[in-house]
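Asks: Protein sequence lines correspond, in order, to chains A and B.
Counting in this note's numbering, the first sequence runs from 418 upward without gaps.
Counting in this note's numbering, the second sequence runs from 6 upward without gaps.
Note that these hints are calculated values from the structure, not bench results.
No false leads were mixed into what you were given.
Below, computed lysine to aspartate or glutamate pairings styled on EDC-like, alpha-carbon distance capped at 20 Å:
1) B:LYS46 <-> A:GLU551
2) B:LYS46 <-> B:GLU241
3) B:LYS99 <-> B:GLU169
4) B:LYS46 <-> B:GLU59
5) B:LYS99 <-> B:ASP177
6) B:LYS46 <-> A:ASP565
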Amino acid sequence: MLTHHRRSQLTALAFLAPLAAYLAAFYAYPLYRNLDLSLRDYTVRSFVAGDAPFSGWDNFRTVLDDPSFAPAMRHTMVFTFASIAVQYAAGLALAVFFNRRFPLAPTLRALFLVPWLLPLIVSASTWSWMFNSESGVVNYALHMVGVDPVGWLTSPHWALTSVVIANIWIGIPFNLVILYSGLQNIPAELYEAAALDGANAWQQFRRITFPLLRPVSAITLLLGLVYTLKVFDLIWIMTKGGPGDSSSTLATWSYQLGFGTLLPKFGPGAAVGNILIVIALAFGLLHVRVQRRQES
Amino acid sequence: MKSRTGRRRHTVLGVALTALMLFPVYWMLNVSLTPQRNMRKSPPDLFPLHPTFEGYRAVLNDQLPYLGTSLLIGLGTVALTLVLAAPAGYSLAKLRPPGAGPLSLALLVAQMIPGIVMAMGFYGFFLDLGLLNSWWGLIIADSTIAVPFGVMIFAAFMSGIPGELISAARIDGAGTWRIFRSVVLPVSRNAIVTVSLFGFLWAWSDFVFANTLDGGGDMRPITLGIYHYIGNNNQEWNAIMATAVVASVPATVLLVLAQRYVAAGVTAGAVKD
Numbered sequence: 418m419l420t421h422h423r424r425s426q427l428t429a430l431a432f433l434a435p436l437a438a439y440l441a442a443f444y445a446y447p448l449y450r451n452l453d454l455s456l457r458d459y460t461v462r463s464f465v466a467g468d469a470p471f472s473g474w475d476n477f478r479t480v481l482d483d484p485s486f487a488p489a490m491r492h493t494m495v496f497t498f499a500s501i502a503v504q505y506a507a508g509l510a511l512a513v514f515f516n517r518r519f520p521l522a523p524t525l526r527a528l529f530l531v532p533w534l535l536p537l538i539v540s541a542s543t544w545s546w547m548f549n550s551e552s553g554v555v556n557y558a559l560h561m562v563g564v565d566p567v568g569w570l571t572s573p574h575w576a577l578t579s580v581v582i583a584n585i586w587i588g589i590p591f592n593l594v595i596l597y598s599g600l601q602n603i604p605a606e607l608y609e610a611a612a613l614d615g616a617n618a619w620q621q622f623r624r625i626t627f628p629l630l631r632p633v634s635a636i637t638l639l640l641g642l643v644y645t646l647k648v649f650d651l652i653w654i655m656t657k658g659g660p661g662d663s664s665s666t667l668a669t670w671s672y673q674l675g676f677g678t679l680l681p682k683f684g685p686g687a688a689v690g691n692i693l694i695v696i697a698l699a700f701g702l703l704h705v706r707v708q709r710r711q712e713s
Numbered sequence: 006m007k008s009r010t011g012r013r014r015h016t017v018l019g020v021a022l023t024a025l026m027l028f029p030v031y032w033m034l035n036v037s038l039t040p041q042r043n044m045r046k047s048p049p050d051l052f053p054l055h056p057t058f059e060g061y062r063a064v065l066n067d068q069l070p071y072l073g074t075s076l077l078i079g080l081g082t083v084a085l086t087l088v089l090a091a092p093a094g095y096s097l098a099k100l101r102p103p104g105a106g107p108l109s110l111a112l113l114v115a116q117m118i119p120g121i122v123m124a125m126g127f128y129g130f131f132l133d134l135g136l137l138n139s140w141w142g143l144i145i146a147d148s149t150i151a152v153p154f155g156v157m158i159f160a161a162f163m164s165g166i167p168g169e170l171i172s173a174a175r176i177d178g179a180g181t182w183r184i185f186r187s188v189v190l191p192v193s194r195n196a197i198v199t200v201s202l203f204g205f206l207w208a209w210s211d212f213v214f215a216n217t218l219d220g221g222g223d224m225r226p227i228t229l230g231i232y233h234y235i236g237n238n239n240q241e242w243n244a245i246m247a248t249a250v251v252a253s254v255p256a257t258v259l260l261v262l263a264q265r266y267v268a269a270g271v272t273a274g275a276v277k278d
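Sequences and hints are given; from them, build the entire structure.
Replies: Shown next, in the form of structure tokens:
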């Protein structure tokens, strides 16, 4: 006979079993395939036949020596940090703004979610047309204030900026929602006391809001970091990493290598993907640690 | 105390900021209604004064099968996600399974893996299984975006269900499965709605998996419908933008009907409750 404890443990595991099998088959195994891909010398033929020779770190060495590596790495960092810095600043300003209760505030706050909910291909193609050099509305607006047209997506100097702008637009809602919910946990009495002491709005923000929001800010920034590192769709649809490799990131370069050409380089593509995973996980585990420390 | 004019000034500023933020959405609508001959006019028409529906007619002619496929894939993803995530969430929340800690960490980490890497891993795997270019393969791939999130939402929600409710059912002689089905699931409606909503939206919006795993299939989702419109060097931007408008309908409907669930979903992953 099973003891009562054993039986309840088995029941608990039975409820988890489908998930465990699923994670093994559709998370662990694809990741293993990807790792295997990055450690073998694949061609299209051996990819299908599955008999590619083991080549150790060769693919990683190829990738690190590739002249495309440094730009892709640099663009990934610029894209990520520029995006989250502006998203966070704008999201925080908007959260504080919407926290002052005024007519229509809940409705307007809900409308701010729209960019985040739209399919990325919708946002990306809309921004592509807005950034069109000849007929885009952005250049028209610049023309109105006397600025010469900019080749947003066609000039190597501007392509990365363009995708960063579009990405900031998409990410502001996420920052707004999380920071706003963080603001709800700051007791109103603190502000009332500060107001009695004669603190103005800016002082209240600096002395109360910002310090007390620090834990939520840390979580928001780290989550934003992890999410932004892996952005692929937006850049691929808007510029394909181009012109040249002026807006390529690790994600687009990895895809470019594996699927973007007629002669796929699966091994190096997978190697770039695995480098991206390591970076994402490093920040991801930092996020987990920060969150755990806040909960204890 | 805040004065009435001060609050009204806030509303005016709020409306202005929202209008600025939503300008691209407005522009998408405007372009979708612009006749082709005016598309490259300078200055562009800021309002659809002479609206045309030729873009939407193109959607009806070209994109309906894509929309149907996306609907199918979205609903399939939701079903698969719920079936996997709800029991697992219950187990983590109430049944104290061995290994709960490492599993929770694995779920958290799983959400941080770039989709592009998963797509590459799936490609070889699906090639072996003959799942490339199939809609059910895409359901499996798309569900990987939603399942870890779903388990965490269910676990967080179900740990809030009072223990008395469950022990009362146990005293009445119900087994764990009965309790899960007849007590836990009915009171977890909010979690079910949140998970379904995001599962559907993510599957509907997916581009990476679709483009990698279903690029040559007979049944392709709407994201590829739009992508091919652009890729074919199509200059009919009213048709592209009309498709984009139609593809945005689920997001809009969900925002209008289920706004509080959306906000709950966004914050669930980030802020402890």
